[in-house]
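Let the sequences and hints guide you as you build the complete structure.
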Amino acid sequence: MWRWRRNPLRRPTDLFEAWVAFAALICVLLVAPAVGTVAGLEVDGTLQRAAREQRQERYLVPAVVVRPAAAPPTGTEADPSAQRQAPQRTQIVASWTAPDGSNHQGTVPAAEEPPRAGDRFRIWTDTRGRLVGRPLDASSASAHAAVVGLAAALGAAALAETVRRLVVRRLMHRRYIRLDRAWAAAGPDWGRAGAGS
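Here our numbering is used: position 150 in the sequence shown is 150, and no number is missing along the way.
Certain hints may be false.
Claimed, not checked - Derived DEER-like restraints, expressed as beta-carbon distance ranges: (1) Val163 - Glu113: 54 to 60 angstroms; (2) Asp100 - Pro68: 27 to 33 angstroms; (3) Leu41 - Arg169: 22 to 28 angstroms; (4) Leu159 - Pro8: 31 to 37 angstroms.
Since the hints were derived computationally from the structure, they do not count as laboratory data. Yeah, the Cβ is synthetic: ideal placement off N, Cα and C, and Gly gets one too.
Pasting the structure below:
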């Protein structure tokens, strides 16, 4: 605030720096939340549409365990770090009937451990019976949109602060150049005998 007060020692760059800081504060307090809100709402709308489409295109159908699937290649068993990082569920061969009435058989992760032939479970498929992931639910879509909105707001605030710091750095650089010029003009004679100082 002192930069706005009248003072004979105040430089024009001091006033400019104060206005830059005020603009950055407005950006952080008003613009960044607005950017975050708009981004969050846009992403939420897009994800909610995608979730509705997925719910219309994906079906939970009953499946039956036929037999255990063939063992994975020995290369993956030999790497113990891979097993620690991503524990694998037992793979089984299952059969199911698609919503269009066609019969399918394929390898899927077991719903229960240990799987037994004849066990029933449910899987997500599309209309033609191809395996698909679980559809996105509305609450997950909203949570993802909130994270995007928060990230956009933080990004806008960080951008405003970065611009402010760059401007202040440039102003400081110009001040030091002016100080060096003033020092060069007045300073060389200081402290020398007979220089009139």
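Leu41 versus Arg169 beta-carbon gap, inside 22 to 28 angstroms or not: 35 angstroms, violated
Hint check for Pro68 and Asp100 - Cβ pair distance inside 27 to 33 angstroms: 28 angstroms, holds
Range agreement (Cβ of Pro8 with Cβ of Leu159, hint 31 to 37 angstroms): 36 angstroms, holds
Val163 paired with Glu113, Cβ distance criterion 54 to 60 angstroms: 56 angstroms, holds
In terms of the numbered hints stated before, the structure departs from hint 3 and from no other.
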